[in-house]
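Q: Listed below are the residues making up each chain.
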Amino acid sequence: MLIDVHAHWGPWFFSMEVGPIEVNLELMDRFGIDLQLVSSIEGIVYDAPAGNRALAEQLPADDRLRGMLVIDPRRLDEARTDLRDLVVGNSRWVGAKIHTEYSRTPIATPAMQAAIELTTEYGLPTLVHTWGDTVLDLADLAARVPESRLIAGHMGAGAWRQVPEAARRAGNLWFEPCWSAPDADRIRWILDRIGPTRLMFGTDATLIDPSVALGALTAAALTPTESEAVRWQNATTLFAL
Amino acid sequence: MTDAPLLLDCDILVGHDVTTGRWSRPERVQEVFAGTGISGGLVSSLRAVHFDVPSGNDEARVVAEGNGWTSCPVLDLRDPLGAERELDRLLSSERPAGIRLAPTAQAVEPSYPSFGHVARLVVAAGLTLFVEGDVRVVGPALRDLGARVVFLDTHFYYLGDFVLLARAEPGFHTSTRMLTGPDSLEIVAAEVGAGRLVFGTRTPFHETYSVLGRLLSSKLTPAEIAQVGSAFLTKLLEP
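So the protein lines, in turn, are chains G and V.
Residue numbering for the first sequence follows the working numbering, beginning at 1 and increasing consecutively.
Residue numbering for the second sequence follows the working numbering, beginning at 1 and increasing consecutively.
It is worth saying that the hints were derived from the structure and are not from the lab.
Hints may contain errors.
Claimed, not checked - DEER-style ranges, computed between Cβ atoms:
#1 G/Gly19 with V/Arg167: 43 to 53 Å
#2 V/Thr20 with G/Ala240: 54 to 64 Å
#3 G/Arg30 with V/Gly146: 38 to 48 Å
#4 V/Gln30 with G/Asp85: 52 to 62 Å
#5 V/Pro239 with G/Arg30: 36 to 46 Å
#6 G/Glu22 with V/Asp144: 34 to 44 Å
#7 V/Ala190 with G/Glu22: 53 to 63 Å
#8 G/Arg84 with V/Gln30: 56 to 66 Å
#9 G/Gly123 with V/Asp52: 56 to 66 Å
#10 G/Arg193 with V/Gln30: 23 to 33 Å
Claimed, not checked - Below, a list of computed lysine to aspartate or glutamate pairs in the EDC-like style, where the Cα atoms sit at most 16 Å apart:
#11 V/Lys219 with G/Glu26
#12 V/Lys219 with V/Glu191
#13 V/Lys219 with G/Asp63
#14 V/Lys219 with V/Glu186
#15 V/Lys219 with G/Glu57
All of these numbers come straight from a predicted model, not from anything done at the bench.
We treat Cβ as the ideally placed atom computed from N, Cα and C, and that holds for glycine.
Use the sequences and the hints to build the structure in full.
A: Here's what the structure looks like:
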């Protein structure tokens, strides 16, 4: 079993052709991904409500797809509408996604805390883009909203050595390590310090090829217990999949 | 994945990465290569990048000889006069396989006189350049020289910029290390030919398994994968 908790649907503005949902499905087929939690690129980089509604039309394309509702912390009234219209009563939507850079809302701001309080009100685990030391900001936010369940997308990328400290600051924070330019040996180093229950598999597909995240798992030489936890168990528990 | 072909890495480093505090020991590179099936490749010294070129290049040569790898000397862009002397020293013994430049690590902009001067020296010597840095920034500075170049830090976000450069420069190549989008390698192959791709991992600092997995699971033909894995690099090292 393999669950990808960090994936996207839609076209990117880079020189790549990955927009159609068929790209998601083909990558899942090739790399043995059983479930993929996707958020809309349009929602992340341009218009959250429009992107969420566009994704809602794509989710029926394949039983392996689950939705992550994009929240723009600057548009929380519309986010509440999206939650009511799309998520409540629909088991295909399993979490929320906030990209703090595209929404120009730093993690340590009141607007971001209000966004997390909203997703927590609706019971949604929330994947937040973290880059650099913002992974510590997310840990502090998780501690301030103790009922929240947050996932540090990219787990800080180049600041991955901060993960043990982030894990210490907040027990309601999980980590997802996808990165287009991964440093060597991150996964093993982190597992040895925080254990297997806080890390989960993500790819950033269709932006990044799943082989990159899978290669990082191979390099980590996971034990059977670690492998099950990271590849699917932690995600199943957190997202009630 | 296809069966693994012969693999040579164009981007091995040994020494101290002063930006992160991590060290690369040859023994660790050997471990990673044993796990990934990489046979060897081009090794450069971080001592040469960050501190002292002659002793660093000598270190790389010793490491290469001891492991069956090939050394890739560095020239210091902060010292173009010293670069002249070091290139003379290198050429006075065995012909180097190529020359590595690290403009970002050495805080040298490609617009500085030093960068162009050193690049022209290397081209005049008939050697391939292995160049770190943002391809959008360093690429234009290497146009119109007739240079053979492998850009070591091409990220797939800037793939379009590389293709534009490569269309006009038949000697421009790119490492596969950060071409990690689902169609990055395939776009390069379609636009300018798979012959512009050179397998590079920056072992042991970068996640070698990820770079290898991307190549072996790509939609390039098995023949192209084999060529990207080693043959194109070997060709670039020929006089």
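Q: So, for every hint listed, does it hold in this structure?
A: Hints, one by one, checked against the model:
Taking 43 to 53 Å as the suggested C-beta distance range, the pair G/Gly19 and V/Arg167 does not conform, at roughly 24 Å. Restraint check, V/Thr20 to G/Ala240: a C-beta distance of roughly 38 Å breaks the suggested window 54 to 64 Å. Between G/Arg30 and V/Gly146 the Cβ separation comes to about 40 Å, which falls inside the hinted range of 38 to 48 Å. A hinted range of 52 to 62 Å for the beta carbons of V/Gln30 and G/Asp85 is consistent with their spacing of about 57 Å.
A beta carbon spacing of about 41 Å between V/Pro239 and G/Arg30 agrees with the range 36 to 46 Å that was offered as a hint. Hint check: G/Glu22 to V/Asp144, Cβ distance near 42 Å, so the stated range 34 to 44 Å holds. Under the hint 53 to 63 Å, the C-beta atoms of V/Ala190 and G/Glu22, about 19 Å apart, miss the expected range. For G/Arg84 and V/Gln30, the hinted distance range of 56 to 66 Å is satisfied, since their beta carbons lie about 58 Å from each other.
At about 59 Å, the beta-carbon gap between G/Gly123 and V/Asp52 stays in the expected band of 56 to 66 Å. Range check, G/Arg193 to V/Gln30: about 26 Å between beta-carbon atoms, so the 23 to 33 Å window is met. At most 16 Å may separate the alpha-carbon atoms for a hinted pair to count; V/Lys219 and G/Glu26 meet this at roughly 12 Å. Proposed proximity of V/Lys219 and V/Glu191 is supported: the alpha carbons are some 14 Å apart, at most 16 Å.
Of the pairs offered as hints, the one joining V/Lys219 and G/Asp63 is violated, with about 26 Å between alpha carbons and a cut-off of 16 Å exceeded. Our distance criterion of 16 Å between C-alpha atoms is met by V/Lys219 and V/Glu186, whose separation comes to about 7 Å. Proposed proximity of V/Lys219 and G/Glu57 is contradicted: the alpha carbons are some 29 Å apart, above 16 Å.
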